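**Student:** What follows is the residue order along each chain.
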Amino acid sequence: MNKTIQSYLDKSASAAPLAVFRIGFGLMMLYSIIRFAAHGWINSLYITPQFHFSYYGFDWVKPLGSFTYLLFTICGIAAFFIAIGFKYRLSIILFFLSFTYIELMDKTTYLNHYYFISLLSFLMIFLPANRHFSIDHPKATDHTLKTPIIPQWSIDSIKLLLSIVYFYAGLAKINSDWLLKAMPLKIWLPSKYDLPFLGNLMQQEWVHYAFSWTGMLYDLLIPFLLLYKKTRLWAFIAVVIFHVLTRVLFPIGMFPFIMIVSALVFFDSSLHEKIIAYLRRFLSPLSTLLGPLSRKRTNNKPFVITYQKVIIPVLVIFFTIQLVLPWRYLAYPGELFWTEEGYRFSWRVMLMEKMGNTQFKIVDGSGQSFYVQNDDFLTSFQEKQMSFQPDFILEYAHFLGDHYSSQGYKDVKVYVDCYAALNGRTSRRLVDPKANLYQIKDSFQHKDWLLPLEDEIKGL
Amino acid sequence: MKIKQLALALFSIILITACTESNDDSTSGSSDNFDRKALLENAADNIIIPALQDLNSDLTALKASKETFITTPNQTNLDNLRTDWLAAYKTWQYVEMFNIGKAEEILYGFQMNIYPTNTTDIQNNIASGSYDLTSPNNNDAVGFPALDYLLYGLGNDDSAIIDFYTTDSNALGYKNYLSDVIDQMDNLTTTVLTDWTSSYRDIFVSSTANTASSSVNMLVNDFIFYYEKGLRANKVGIPAGVFSTTPLADKVEGLYSKVYSKELALTALQAVQDFFNGKAYNNSTIGISYASYVTLLRDNSGSSDLTASINSQIEAARTELDQLDNNLYNQVNNNNVAMLMTYDELQRVTVLLKVDMLQTLNISVDYVDADGD
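Protein sequences, first through last, are from chains A and B.
Take the numbering used here: the final residue in the first sequence is number 460, and no numbers are missing along the way.
Take the numbering used here: the final residue in the second sequence is number 373, and no numbers are missing along the way.
Worth flagging that the hints you see were computed from the coordinates, not collected in a lab.
The reader is advised that the hints may include incorrect statements.
Stated by the list, open to error - DSSO-like, lysine-lysine: derived pairs with alpha carbons at most 30 Å apart:
| hint | chain 1 | residue 1 | chain 2 | residue 2 |
| --- | --- | --- | --- | --- |
| 1 | A | LYS384 | B | LYS90 |
| 2 | B | LYS229 | A | LYS384 |
| 3 | A | LYS413 | B | LYS251 |
| 4 | B | LYS251 | A | LYS107 |
Unchecked claim - Residues of chain B clear of chain A, computed beta-carbon distances all greater than 12 Å:
| hint | residue |
| --- | --- |
| 5 | ASN137 |
| 6 | ILE288 |
| 7 | TYR343 |
To be verified - To be clear about the criterion: a stretch of chain A counts as covered by chain B if any three or more of its residues have a C-beta under 8 Å from a C-beta of chain B, and this derived list gives those stretches:
| hint | region |
| --- | --- |
| 8 | 369-379 |
| 9 | 423-430 |
Values in this document were obtained by computation on a predicted structure and should not be read as measured data.
Note that the Cβ used here is the ideal one computed from N, Cα and C, for glycine as well.
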C-alpha cells in the first residue's frame, strides 16, 4: 500500500498540461475581472449597498470603499502574472487571497463557480504550474526543446477537483423534483421561447425531462469519460456542447468557458505541447519582450518540489474536506431546498427556482410596530436574494434590530412575514411569524424558527 | 488529426452560439402556443390607449370648466370644476400603472399624482408667480393632489375657497397657478398619448422577447411595482402607519376633498384587476392577458390555479376596502384596525403577484443583472 502510494507520488509527467492550464486560468480570470468591472458590478454590488450580507464568522470581511477597485485591480494583475508565469507563487497566493476576499465581502453574490475558483486557486498555490513556458524559468540550461517534467499528482489533483465538482453536481440532481417533475427546468426552459431554432423545442415537456436526465447523467459520468482515453475526445465534445448550451439558455457568465478550458487538462501532454508550440509561434513577434519564455530542461531527474512533505498532507486534508462537506446537510432535519441548511458549497447547481417576499415588522417595548421598507436598506438584488434564504433573513433581522435600537427604540423585537415558493409549488410561509428573530443567534444549529415545506423532495 | 477534428467541432459550435446570441431580441414569431404579441396588442389597443384617450378627453373637459371658473369664480362653476377633476382623477387610476415608454421618459407619473402635496411649495409658487412646473422640486406641487388642495383645501368652506380666486389680493396668481397646473397635466397627457398613437404602439407590441428591456417583461414589472407601491403602500399602507410607528392619516390620496379617498383606491384596484385579466377599458371584452399566460403555464406544469387565486385574493381585498369609511382619513383616525386588515389582504395579493406569478412567468426582472449559476 505505502509502496503503491510512494510510487504514485514519484511518478512524473510532462509539465505542458499544467502550463496550458495555468495560462488558460490566468487569462480567463483576467477577462472575468475586466468583464465584472465593465458591467459596473464593482460599484453596484460592493460600493452602493449600505449593508452587506456576511458568511458566518466572516463578518469582518467588508468592501473597502473605493479601495475595493484597488482590490479588483490587484486580483486582475495577479491573474495576468499567473498567465505569463511571472512570480507565480506570489501571484497565485495574491490571487487566491484577493479573489476569496472579494467573494467573502457579500454572500448575496454567492455562486458555486466563484467558490470553485477560490478552491482551484488555493490548490494551484501548491502546484508547479510555472515550470514550463513561463517568465519564472527563463534560462534554459541547454538548448534542446524538451519539456520539463513535474510530478504526476500535480496534474491529477486538478482533474480530481474537476471530477468532484461534476460528480457531486450529478449526485445533487438525483432528486424527485429534478428527475420526476423536471423542475425547475420546466419553469426555466419555456421562458426561452425567443431563442431561434431552440425556442420551439424548449416548450416541449419531453425536452424538459430529457434535459433533466441528460444533465444528471452528464454530470455523473463526464469525469470518467474524460479520464478514459478512448472516450476522451467525445467526452470533451460533450463538455463543449453542454456548456455552450447552458451559456445560451442561462445567464451564467464565464463559468461555461472556464469549465471547457479546464477540461483540456484531461488530455495527453502531446496536445498541450502542440498548444504551447502554437503559442510560441504566435508570440514570436514579441520574442524580444517575451524571449525568456522558454523551457527549463530537467529532463532526466524529476523536478523536486521543495515542500512536498508538507504539501501532500495539506492536499489530502483539502480533498477530504471537499468530499465530506457536501454531505453536511444530512445533519439537519427538514427539507434541504426549503431550509437551505448545508445547501451552499456543495455543487448544488441550478436545482431550484425559488422566490420569496419578506417583510420585517419592528415592535418596540411599548407595543408600537411598523413594517420596514426593505429598499431603504437593501438593493433590489440583495432584497431578492434575502427574501427566500433563511440565513440572510436572520442576519438582516439582526441588522434591523441593531439599527432601530440605536435609533432609540427600546426593547426591539423583529418579526418576519415571509412567503416563498419553491419549484412551482404555491407560495407558503417560510418563517414562523411569531418568532422574534432579534433574539435568535446565528449558528450552525438547526433553524427551528422555520416552518416546514410539508412536501417531500425525495433523493439525495 | 485529432486537433483538427477538435478544432472543427469547437469552431462550428462557437459559430452556432454566436449566431444564436446575436439574434436574441429580433424574433417576433413566438415559438410556443402563447401569443405574446396578442397580449401586448390587447394591452395597448384595448386598455392603455383607450384609458389615455379617456383621460385626455377628461382633461380637455377639466380645462374647459377651469376656463369657465377663472372667468367667473362662483359656486356653480367650482362644483363643475370639481366634478370634472374627480372624473379625470378616477380615469387616472387606470393610467398610472403604465409607466412605460414616453410616460417613463418624461416622468409622467411624478408630475401627475405625487401626494401628499406640498402646500408650502404651492403657496410659494403662487406668491412668486414664477415657477417651472416640470422641475422635480415641483413634483409635489402639481397634478391631481395639487388640484385637490386648490379646489378643496384653500379655505374652510367653499365661499372661503372662492374668495381666493376673487377677492384675494393675489387672486390672479391663484387663477394662473390653477390654470397652469391643469394645462400642464393636459400637455403631458397629450404628449404621452400622441407617442402611443404615432409610433410607440408598434414598437411596444413587437417587443416580445424575454429580456429585461422587452415590453412583455417591462409591462409586468411596472404593473407589479405600481401595485406594490402606488396602490398597496401609498393608498392604504402608508396612511395606516404600516411603515411608521404611528398612523399618518394626512398621507391619504385626496386629503382635502376627504370623501373620495376610498373611491379612488377602489377604482385603482379595479384597474389592476382588469389589466391582469385583460379586460378592455371601454367595454367588457376580455382579451389575452397575463392571466391567460399564467393559466396556460400553470396548466402546463400541473399546479393549482394561480389565476383564480389572484382574482379571489383581489376580491377579498376589495371586500375589506369596501367596508371602510369613504374618507380614509377618518377611517385611520377612528378605526385604524380595519385599515390594517385591508392592508393585510392587499399584501397577500403582492405575494401572489411577486412570488407565484413571477415564478410562473419566469420573467427577467429588472434587478441588478449579475451572473447566476
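**Student:** Determine for every hint whether it applies to the structure shown.
**Tutor:** These are the hints, each one checked on the structure:
Taken as a hint, the LYS384 (chain A) and LYS90 (chain B) pair is broken in the structure, with Cα atoms around 33 Å apart against an allowance of 30 Å. A C-alpha spacing of about 16 Å is found between LYS229 (chain B) and LYS384 (chain A), which places the hinted pair at or below 30 Å, so the restraint holds. Pair hint LYS413 (chain A) plus LYS251 (chain B) holds up; C-alpha atoms about 27 Å apart against a cutoff of 30 Å. Restraint check for LYS251 (chain B) and LYS107 (chain A): the C-alpha separation of about 38 Å exceeds 30 Å, so the hint is violated.
ASN137 (chain B), annotated as away from the interface, keeps every beta carbon of chain A farther than 12 Å; the closest lies near 22 Å. Annotated as non-interface, ILE288 (chain B) keeps its C-beta farther than 12 Å from every C-beta of chain A; the closest such distance is 15 Å. Against the 12 Å criterion, TYR343 (chain B) falls within the reach of chain A, whose nearest CB is about 9 Å from its own CB. Using a Cβ-Cβ cut-off of 8 Å, 6 residues of the region 369-379 of chain A lie near chain B, which meets the minimum of three, so the contact claim holds.
Only residues whose beta carbon comes within less than 8 Å of a beta carbon in chain B count, and the region 423-430 of chain A has 4; three or more means the coverage holds.
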